[in-house]
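Student: Sequence:
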Amino acid sequence: MDEYHCKAWLRMSDSNTQTISCDDNKYFNIQFEYKTMFVPVQSSFRHIIRRHTLHNVSIDKMMDENTFVPLLSQINVPQDAFTLVVEEIMQCASNIVNDDDETYKNRNIFTTRVDFSVTKAIEDVDCEEEEENNILEDNVEIIDLEEEEEEEEEEEEEEEGNNSLQEDVEIIDIEEETNELVHDVPIIEIESDEDDLEEDGELMMFEEEYTRFIPAAKLCIEELKMALLHYVQQSRDTPTCQSFSATAEHRGKVDAN
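For the sequence shown, UniProt numbering assigns the number 1 to the initial residue and increments by one for each residue that follows.
Simulated from the structure, these hints should not be mistaken for lab results. Nothing false has been slipped in among the hints.
Below 20 Å or equal to it, Euclidean Cα-Cα: the simulated DMTMM-like pairs (lysine to aspartate or glutamate) are: (1) 7 with 99; (2) 26 with 87; (3) 7 with 33; (4) 26 with 102; (5) 120 with 3; (6) 7 with 80; (7) 61 with 99; (8) 35 with 2; (9) 7 with 88; (10) 26 with 100.
Simulated restraints, written as ranges between beta carbons of each label pair: (11) 101 with 58: 19 to 25 Å; (12) 52 with 119: 16 to 22 Å; (13) 12 with 117: 20 to 26 Å.
Fair warning: this is a prediction, and the values are worked out from it, not measured in the lab. Backbone N, C-alpha and C fix where the C-beta goes; we use that ideal spot for every residue, glycine too.
Use the sequences and the hints to build the structure in full.
Tutor: So, in structure tokens, the structure goes:
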């Protein structure tokens, strides 16, 4: 069983404040879009769109259901859907006229959009025949949704490919910039700094050892001096040393004479 959906609504962007007569009546431009959606058993999902427009329809005609029957018959709207479509259009017009909003009161011409859709579950052969019958009609657009989805997927893949290429380029640029920064670094200075640190470390170690060595060396020298002085004093006190001193003193006198 076919499914019908209809919605009528005001398009404020296409409405204006111009008047077409001296009276205060409201007039409507009706943009009617009729979409037939096919759900075939074995092929892709498709739909046909028909577009029609009625100009300068007075409010009196908008509230008369006989105004739209010829149009609905002309564009092959199912007869059992006439009541649904007409009631939706009349309800939209009534809401506009009876609304106390100043925006509506200051306007004389309104544009009403009517979206009517039919969903059909049919065989592929019937779908092809329906499309062939509608090829010669005016304002008819046949759309293959599967092809649209494939095209959208291809476009998305192309965009992803472009994005990936851009990302690769950006990565390459970053790597090049990083390499340039590395080349600009004075490597020799870094190595010299490391050598200076090593030399400073060795110097500190030497100073520590030298600091520890000086008191010990001084103490050792003092001990040697004390030992030598003690040895000299002992040598002078011995008989051998005294006789040696007397002999030397006698020789000095003989030489003087």
